[in-house]
Amino acid sequence: MVQRQKLMPDTTSTSTAEDTRQGLVHRHLLGLKTYSSDEISLILQTARQFRDVLDRPIKRVPTLRGVTVVNLFFEPSTRTRISFELAEKRLSADTVNFTASGSSVSKGETLKDTAQNIEAMKIDMVVVRHVSPGAPHFLTQCVDAVVINAGDGAHEHPTQALLDMLTITDHCGPLEGLNVSIIGDILHSRVARSGIHGLLAMGANVTICGPNPLLPLHLEDMSPNGSVRVTHRLDEALEGADVAMALRIQMERQGRNLFPSTREYHEQYGIKLEHLERHPDLRVMHPGPVNRGVELASEVVDHERAVILNQVTNGVAVRMAVLYLLSGSKPSAAD
Amino acid sequence: MEPQDTIKAQLLDAHDMERMLHRMTRQLVETFELDEDHADSLGLVGMQTRGVHIARRLQQIIREVDGIDVPLGVLDVTMYRDDFRMRLKQPEVKETRIDFNVDGRHLVLVDDVLFTGRTVRAGLDALTDLGRPASVHFLVVVDRGHRELPIKADFVGRKIPTLPGEEVRVRVQELDGREGVWLVDHQDSSASGGAPTDSTASKGDVSTGNGPTTETDA
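The listed protein sequences derive, respectively, from chains E and V.
Take the first sequence: its letter number 66 is residue 65 in numbering that gives the first Met the number 0, and every next letter is one higher.
Take the second sequence: its letter number 76 is residue 75 in numbering that gives the first Met the number 0, and every next letter is one higher.
Since the hints were made in silico from the structure, they are not lab data.
Beta carbons: idealized from backbone N, C-alpha and C, even for Gly.
Careful: at least some of the hints might be erroneous.
[As the list claims (entries may be wrong)] Simulated crosslink set (BS3-like; lysine-lysine; CA at most 25 angstroms straight-line): (1) E:Lys32 <-> V:Lys88; (2) E:Lys121 <-> E:Lys106; (3) E:Lys121 <-> V:Lys88; (4) E:Lys88 <-> V:Lys88.
[Said to hold, decoys possible] Which residues of chain E face chain V? A few of them, derived with a C-beta cut under 7 angstroms, are: (5) Thr62; (6) Leu233; (7) Tyr323.
[As the list claims (entries may be wrong)] The following residues of chain E were derived to be distant from chain V, with all beta-carbon distances above 12 angstroms: (8) Thr45; (9) Gly107; (10) Glu238; (11) Ser260; (12) Val289; (13) Ala296.
Between the sequences and the hints, there should be enough to build the whole structure, so can you do that?
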């Protein structure tokens, strides 16, 4: 009955004009492929408000008090796990961490059994990282909890793409019409996959660039009407670009040699100081951890137009926003 | 109003609102002994969304009449609400921006309608996280009763006793394109029964404020 807070659409100066009060349509965040621009805008808008909390003397709000979140990390991760954990703590959620090594997984328990056992302990949300693409999706079929994908194999890493988009809007304004080039190992990159889905949904122009063996064979899946531009030449990718997103060369996912050497990769695809000088408005991003002297020259990492640390700060804010927006979605919430 | 609203009466028009806000600024000036030397002891904090506009109005009147600039902040309490588990969709988180130091300052929280008291309860929690004010006072345009918490406003524009199923709508020019206070019947789809159900019959005839007038003042 108390609906007073949400009367009538606000067409006011106190908030941005987008009418996003419909909330998220999705119950989980498995990937950005199916998220609409309205949903992405809502997450980014909400993240900006949560980022303000991080600048206060007391960096904690009681929003998710009583909500229990499990961080299920079946694959090594430092910053994503810490970022999620901090986001959960800043929102006053109760958190439990689970890592594959030294747990029941190493005794041979299946993902389904692990998840159902953890759910039997009454949890509300699961943040999952797994080597297998689709693992988060599978989890939604065996547990009632809200599932957030923190990276599944080479499939998607939606919160990374969201924090990238937030960082881009901070520095370059609205995403629509911006030129974003993603450079490097597109083939193995869930960051690229989520980024492409999100950026295209928001109306940005996306170019991908890398040596042929590191580009995906089947682009149609990511690029419905050929809207992603593909190039093998770094100069072409940087020409007219507002943002260059360099991806990490993932040695652990290679298995076989797809390019001659890291030194040669740096020669052809590494972003160097001369590129920043030639493109005075270009911003450089990297999902981390950076291999200095491979994807980016060391001076570029420390350059003022490299916004890598802003990405990290935005990561906590974006994850707070996602946790908040999805926390309300219950399968049978009647009132 | 809202789609489900049926207007029962217009309680205040723009002129009444103006006079009421003017009166409340006199109370503020007197209570906090505002003059040029003490301008910095007070801060207005408008609660999203309409409280912000009301607070801005109060600030303007004090500036025009007394020549004193009282600082104004904006507070959104969404992160501090207690009905989190009862909702299907999360409400939009709006901006919180208080650019002045709240420590040691007298603050006046400003909202449009005081009802259950839960919003201002959340507001107090939010303020506590921002610092340690010397005192917090509470100003509302309309107190409509039905408190669910032991909370009381210090400055009240108008007390309007209401029935269950009724709502009070404060509307401001900047946001709504019209100004005044209305009493409406609100048909919430999930609301309890008991209230009349002719929601589609006569909605939105604001200009004349027609419809059955009910007891408004006590």
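Worksheet item: Would the least Cβ to Cβ distance between Ala296 of chain E and chain V come out above 12 angstroms?
Response: holds, 39 angstroms
Discussion item. For Lys88 of chain E and Lys88 of chain V, compute the direct alpha-carbon distance and say whether it is at most 25 angstroms.
Written reply: Roughly 22 angstroms separates the two Cα atoms, so the pair holds.
Discussion item. Would the hint linking Lys121 of chain E and Lys88 of chain V be met if the CA-CA limit is 25 angstroms?
Written reply: holds, 21 angstroms
Discussion item. Verify this label for me: Val289 of chain E is non-interface relative to chain V, using a Cβ-Cβ cutoff of 12 angstroms.
Written reply: Holds: least Cβ distance 32 angstroms, greater than 12 angstroms.
Item to complete: Over 12 angstroms to the closest beta carbon of chain V is the bar; see if Gly107 of chain E clears it.
Response: Holds: least Cβ distance 37 angstroms, greater than 12 angstroms.
Fill in: Given hint Tyr323 of chain E near chain V, where the shortest CB pair must fall under 7 angstroms
Check passed: Cβ of Tyr323 of chain E comes within 6 angstroms of chain V, closer than 7 angstroms.
Discussion item. Between the alpha carbons of Lys121 of chain E and Lys106 of chain E, is the straight-line distance 25 angstroms or under?
Written reply: holds, 23 angstroms
Worksheet item: Is it the case that Glu238 of chain E keeps its Cβ farther than 12 angstroms from each residue Cβ in chain V?
Response: holds, 38 angstroms
Practice prompt. Confirm or reject the statement that Ser260 of chain E sits farther than 12 angstroms, beta carbon to beta carbon, from all of chain V.
Written response: Holds, since 48 angstroms exceeds 12 angstroms.
Worksheet entry | Non-interface claim for Thr45 of chain E versus chain V (Cβ beyond 12 angstroms) | violated, 5 angstroms
Worksheet item: Against chain V, with CB atoms and a cut of 7 angstroms, does the hint on Thr62 of chain E hold up?
Response: holds, 4 angstroms
Worksheet item: Against chain V, with CB atoms and a cut of 7 angstroms, does the hint on Leu233 of chain E hold up?
Response: violated, 40 angstroms
Violated hints, listed in ascending order, are 6, 8; each of the other numbered hints is respected by the structure.
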